[in-house]
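**Q** Using the hints provided, position chain B relative to the given structure of chain A.
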Amino acid sequence: MALLEATDLHTYYGHIHALKGISLHVEEGEIVTLIGANGAGKTTTLKSISGLLHPRRGTITLAGRRIDQMPPHEIVGLGIGQAPEGRRIFPRMTVQENLEMGAFARRDGSIKADMERVLTLFPRLKERTNQLGGTLSGGEQQMLAIGRALMARPRVLLLDEPSMGLAPMLVELIFRTIVEINQQGTTILLVEQNALMALNVARRGYVLETGTIVLHDTAANLQQNEMVQKAYLGIE
Amino acid sequence: MAEHPVRFTPPGASPFGVLQTLLREARAQPKRAWFGVFLAVALVYPMLDRQVLGPWLGEHFLGSLNSTLILVMLALGLNIVVGYAGLLDLGYAAFFAIGGYTAAFLTSPQSPLPFRTDFWVAMPLSFLVAALFGVILGAPTLRLRGDYLAIVTLAFGEIVPRVFLNLETITHGSKGMNPIGRPHGPIPQLIDGSLQFGQVELLASDQEAWYYLIALTMALSVFLIVRLRHSRLGRAWMAMREDEIAAASMGIDLLRTKLLAFAMGASFSGFAGSIFAAMLQLIDPFQFDFSISIIVLSMIILGGMGNVYGVLVGGLVFGLFDRVFADRVTGWLHNLGTALNTPIASDFLKWVDLSGSKFMIFGLALVLLMLLRPEGLFPSAERKAEFHEAEEPTEAEPAEGAAAELQQRPAGGAQ
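Those protein sequence lines, which keep their order, are chains A and B.
FYI, the numbering for the first sequence is 1 to 236, going by the working numbering.
FYI, the numbering for the second sequence is 1 to 415, going by the working numbering.
Extracted from the complex, chain A is given alone in its bound form (with noise of 0.2 Å):
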């Protein structure tokens, strides 16, 4: 059984069908990845998994079990974590305060460890704990985003747009983290416009176009997939 599956999506913004039946899994370990161009419905697959938003048709299931109804918090208590679109770090908190937010939804206490992994992971956020958000460059106010979502320890972290309005050199250093924090255990939902690097790091991708998933294979076939490369990779 799959960590998260999602079967026959339908979700709307008034009258707008945003989704048209979306079904996706994620497995226990994986880096997953949701590629496609602006508008054909992959913020809104993470926020209808999230609960931001709730599909009208289809189930989402975390580990078995039903959470397509549930209000977010719920969601995020049951370990599903996100970094959401456009980062939305708290500006007026400091960093420090904004990973403390981060582990809101925790009851067991200690965060310590939680805190000091994350800015091992992030060394640059370390430098500046007592910053305020909103003075912090975009690259660190997206590594901000991804370790708060982290502090929550979440089994599913869900990353909407890491990349988005990066300099290169900070969208490498993006991935690498993503990859490092797979490693450690972290079972990620990737949602990309760079395709190029998204399916360098994960192992599987869903290809979006219109609010239907159109592709769906390894990252490494999906690179060689002529439609891919034509559409999303720039090659001809």
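Worth flagging that the hints you see were computed from the coordinates, not collected in a lab.
A virtual CB, placed ideally from N, CA and C, is assigned to each residue, including glycine.
Hints should not be assumed to be uniformly reliable.
[To be verified] Quick list of the computed label-pair ranges, beta carbon to beta carbon:
| id | chain 1 | residue 1 | chain 2 | residue 2 | range |
| --- | --- | --- | --- | --- | --- |
| 1 | B | Tyr148 | A | Leu233 | 39 to 49 Å |
| 2 | B | Ala139 | A | Tyr12 | 19 to 29 Å |
| 3 | B | Leu132 | A | Glu116 | 53 to 63 Å |
| 4 | A | Met169 | B | Tyr148 | 43 to 53 Å |
| 5 | B | Ala26 | A | Glu172 | 27 to 37 Å |
| 6 | A | Arg117 | B | Pro186 | 55 to 65 Å |
**A** Below, chain B without anything else, positioned relative to chain A:
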């Protein structure tokens, strides 16, 4: 000596030496020193009022101060809703009314309830009933944000006093309810040469006693509110105010957190309402009109949203001007005009009427404040940062952080 400042000067030290030691302590911990000064003034003030300041400020100053402090207490409660949780509530007077009427229902002989309690029972019950109504009025507004929330709360602020006005059989409508149960307690008295503790009720003229009751309730409120701010719930409010979606992603239950903000905010107006009703001995619907909501909100804006101490100072400045100084200063200016006796200046000074143009002055003050210091006089660190984001590094951030940033940020790193 330099490392361990002497707290207790040895016997025989001059008063000057004591003063020196105190000053040194104050310089080492300015925040505590100011707090100490504030506390000392707050404790001693009523004794100075009659003898020292009375002739100067007018004999009703202490009474005006008391009604100001009740408004400040409201500001403390509203600060939870607006300053902490970021929910704009324009109808806060509704909860003040509910607190006051709860005390009236529980203690007044005109109450339709089959039983009566005394003030000390009614006060905490008003706290709870106001909290309950915070939840009841908060629940339907929870899905609204920003302007829409403000409009609905504005409507609630109008509806609640109107309900009390129209439920004549229960509330006596515009005639109001009176009398209302007074606080009472054992006061030491010399009777026939021996000290006895008799039960004494606080009369309207016992301004000093009311002052201490209000100050004590305020101190308790401040203590609770500061603790709330640093609690788990307080942090959830802050996160929600900053970014609702991010807060939800952190596992914060937005509905519950908002409801609790309304409930906790409203509850402190229960304290204020019950004391207000008992002090005036009369409650009627016209005491809770829209201007109360606006004055209390202005106190918060003036003092600095989100910071309890800022709200205290802002509330005092605003309230004392409203209740006391607008009149007094007008009087002083008129006297000055008479004394000067020069043609144009005297006429002008006698023409000035600060009380009549109170609301114009409030308006001007708020406009000026928004232009010059939009975060308020004593803002919380977060607010300050919010209004000065463009001017990096922020004041909350040490200068060396900025220097390090310049050195360490790689050329491609700045976004």
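**Q** So, for every hint listed, does it hold in this structure?
**A** Status of the hints after comparison with the structure:
| no. | hint | in the structure |
| --- | --- | --- |
| 1 | Tyr148/B to Leu233/A: 39 to 49 Å | holds (46 Å) |
| 2 | Ala139/B to Tyr12/A: 19 to 29 Å | holds (26 Å) |
| 3 | Leu132/B to Glu116/A: 53 to 63 Å | violated (44 Å) |
| 4 | Met169/A to Tyr148/B: 43 to 53 Å | holds (44 Å) |
| 5 | Ala26/B to Glu172/A: 27 to 37 Å | violated (55 Å) |
| 6 | Arg117/A to Pro186/B: 55 to 65 Å | holds (60 Å) |
Violation of the numbered hints given earlier is confined to hints 3 and 5; the remaining hints are satisfied by the structure.
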